[in-house]
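Chain by chain, the residues run as shown.
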Amino acid sequence: MMQEVATRSGAAAAPDAAPDAALDAAAEAAPVLLVAGLTVSVRTEAGLKPLVENLSFTLRRGETLAIAGESGSGKSMTSLAIMGLLPPPAVRVTAGSIRLGQTDLTAAPEAQMRHVRGDRIAMIFQEPMTSLNPVLTIGTQLAEAIRAHEPLPRAEARRRALAALTAVRLSQPERRMHQYPHELSGGMRQRVMIAMALALRPEVLIADEPTTALDVTVQREVLDLLRDLQRDLGTAIILITHDMGVVAEMADRVIVMKSGRMVEQAPVRQLFHAPTEPYTRDLLAAVPRMGARAAAAAPAPLPAAEPVARLSDVVVRFPVRGGLLGRTTLNVHAVEHVSFDIARGETFALVGESGCGKSTIARAIVGLVPHQGQITVGDHVLSAHGRDAPKALRRKVQMVFQDPMAALDPRMRVGDLIAEPLLIHGIGTAADRRAEAADLLRRVGLSPDQIDRYPHEFSGGQRQRICIARALALKPDLIIADESVSALDVSVQARVLALLQELQQEMGVAYLFISHDMAVVDSISDRVAVMYLGQIVEMGSRAQVFGDPRHPYTQRLIEAVPVPDPAHQRRPSVRMTGDLPNPVHPVGSGPERVILRDVGAGHLVAI
Amino acid sequence: MVYVLRRLIQSALILLGVSFITFVLLYVLPADPVRQIAGRAATAETVENIRQQLGLDQPLLVQYGRYLAALAQGDLGRSYLQKTEVTELILSRLPATLQLMAAGIVAELILGLSMGIAAALMRGRLGDQLLMMASFVTVSAPQFVVSLLLLYVFAVKLGWFPIGGYGTAAHLVLPAITLGILGSGWYSRMMRSSMTEVLRADYIRTARAKGLSRARVVFGHALPNAILPVIAMIGIDIGIFMGGIVVVESVFGWPGIGQLAWQAIQRVDIPIIMGVTLVSALAIVIGNLLADLVAPLIDPRIRLR
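Protein chains in written order, with numbering that gives the first Met the number 0: chain U, 0 to 606; chain H, 0 to 304.
The reader is advised that the hints may include incorrect statements.
Said to hold, decoys possible - Reference listing, derived: stretches of chain H covered by chain U, where coverage requires no fewer than 3 residues with Cβ under 8 Å from a Cβ of chain U:
1) 126 to 132
2) 190 to 202
3) 217 to 225
As the list claims (entries may be wrong) - Here are some, though not all, of the chain U residues that point toward chain H, as calculated from beta-carbon distances under 7 Å:
4) L84
5) E126
6) S130
7) P133
8) Y179
9) L183
10) V380
It should be emphasised that the hints constitute simulated quantities derived from the structure, not laboratory data. We put the beta carbon where it would ideally sit given N, CA and C, even for glycine.
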């Protein structure tokens, strides 16, 4: 770290004086990008408010610098400042410099920045689903990026574009050139973004949460790809991420940021093994790790009592209509022959990648989608049409969703939000309900004084607590938590997970915990079912599934999770470029049904 | 295409509904067409005769059934007063109206879209506020006022365009602009909000991160996305347009079906009113169908089914 500071101040002292020849000679060691004292501020009614304050770092050729931090830490603002893409006019650089070679990007006029962007500094973004223009073909979008910087004829640019698509190992690149973004999966789109960013061999690539929106196996492929390309091209990468696992795997050096300020800067091993700042230590401690609970692997005692919910042979299909008369021509096989029990007071987890049917199961249990087969909640059998579930049944099952902002009506006070289930079910008087809401607020770790506030006055984690309080209001037997902690920062996530466990011990509620995050599932669940294309391929106690995964898909999922430890040696795995098979089948045919076999002590594996 | 076929069947049903509602409304109307035909001096006997001749003494459903039977053969009936076939009357005037309509839509789109795009790019600044004020004025100004104002300034005072009539391109300019001005206010507001939203999209940030020029970002990336809701609007808008056409054709002496309708309404000439209403409804239905068919050409995500 000291060395960093020295380099920076030295370069800052005489930046313009450095002759070109000397630069060439020192190209290998010389910083590609030099950020000094960068301050980015937003203009508010109360004056300038800094979003990034006095940030300094250097980036060398071929190195990967991770900027890690939780939401609001200013990491994305830093990247937008480097690109000159801060949202005008409110947000701008108010101090410091960003030097790319001889140019100070903070002072460069827009016309000059346009030549830097895409050509010398490229960027890939978090949301591959929305980062490509939906009305232009992949080929057009790639070729125009090339032609923006090199005066090439259209055909030549398209040839280069095709080469770039081939380089990111996209299957059938010729066909992709003519396809539109919506015809590609998220992982494929992110490959296109990478192809676009690297087509012109920029000196710096800024990757802003490049894999956050992707499934874990796809994330693995994209990370591998980025690393390979970096090795081939020598691009310097600024990797912006909240995921310490990704940091450990990719970074050479790490900057930890909090509230716009740099907390710590260190080489990756040093940061993980000997963090100096308390904030870094807390951040690392909050990261869920797979296998952390393995030592305490006493299998959860399975109560023999009546399960709170039982699914037997549940099938959910969504018809796709077509033709002149709108007849069903295809079926989306969302859930296929799924059976499991959830015991009172246990946490049953469903894991799998997007589109595997885990959320559809949740919706079937609360009667929001029609199903075949039998779903029993308590002693009620759910009607199959997915409507008119009796109120009594709804009292027993409540849900907590992924996005706490979208799940709370912004015009209602939190007291009313929490008391609303009681109101709907006609429980108690207005005063009783208010008292109950206050009590619930206290139980989820908020202050009863906040009962008359509105949702927007709370942070994301607090809002999720409000959602949990609302779910608890009816004293349900089962709470379905559908990706309930996925949108939260790790430190907040850890606290919400702890809260869920506390409440379980206090109230004996069972959870159906749905998540794509293997580490989180490992840290909270008693039993786990792994889903793939609508079917359960492996099910058993947490220790069985995570400790002794038998199904190849489970193994691949676990293998793919980035481990927050730079010393971790990953077993070399086969690089995959294929896509998930499609769950859509013509009427009358369907996917092959997997058979689960008991490999011992209730550990079920598909054969 | 299965889709077009299904839409055409739907359209036929819509037209049937329109014809029935219009028919009933005209039936219950207190104005008596027979009195109009017979004139004030006619005896009660003459009136009854005419009524019988026209079949207006029959019950509503019988009258409607007869009308439909004729309609199925493409016969819209005979005008009570002009004693000519309604089909002929409408066909002779349709080209003029279609011409005016096309010119009006073009004027409306040029004015509206350019104002909307400009406002979105200047969002929050003075130019934006001025443009939105202008759009507010154009939306609120009644068409007969706008048309008279344009006539006074450009035809009477400046003498750039003829005062009224039909024939040359010069005749077309003022009526088309009058028609266009009303819609341009709507379109500019719609385009502004649509464009503002699109400019915030992730793919616009990507386009800028590629180092594209501003013009390429706005016209190559933002416009095709922002224009989609506007296209859907054009289909619906034809209905409002027909209302405007009645006014504008009367003011400018444009010999189209709007003028025909206006005269027919004054004289309770039911077959013409029915005919014009059906043709207008047909225009709206076709306009919507065209808008829906164009949308997937711009946005590949839209699948027709």
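We went through each hint and held it up to the structure:
1. 126 to 132: Violated - the region 126 to 132 of chain H has 0 residues with a Cβ nearer than 8 Å to chain U, which falls short of three.
2. 190 to 202: holds (count 3)
3. 217 to 225: holds (count 4)
4. L84: Cβ of U/L84 sits 6 Å from chain H, so the hint holds.
5. E126: With Cβ-Cβ at 5 Å, under 7 Å, it holds.
6. S130: Holds, about 5 Å.
7. P133: Holds: closest Cβ of chain H sits about 6 Å from U/P133, inside 7 Å.
8. Y179: holds, 4 Å
9. L183: Violated: closest Cβ of chain H sits about 12 Å from U/L183, beyond 7 Å.
10. V380: violated, 36 Å
Checked against the numbered hints given earlier, the structure breaks hints 1, 9 and 10 and satisfies all the rest.
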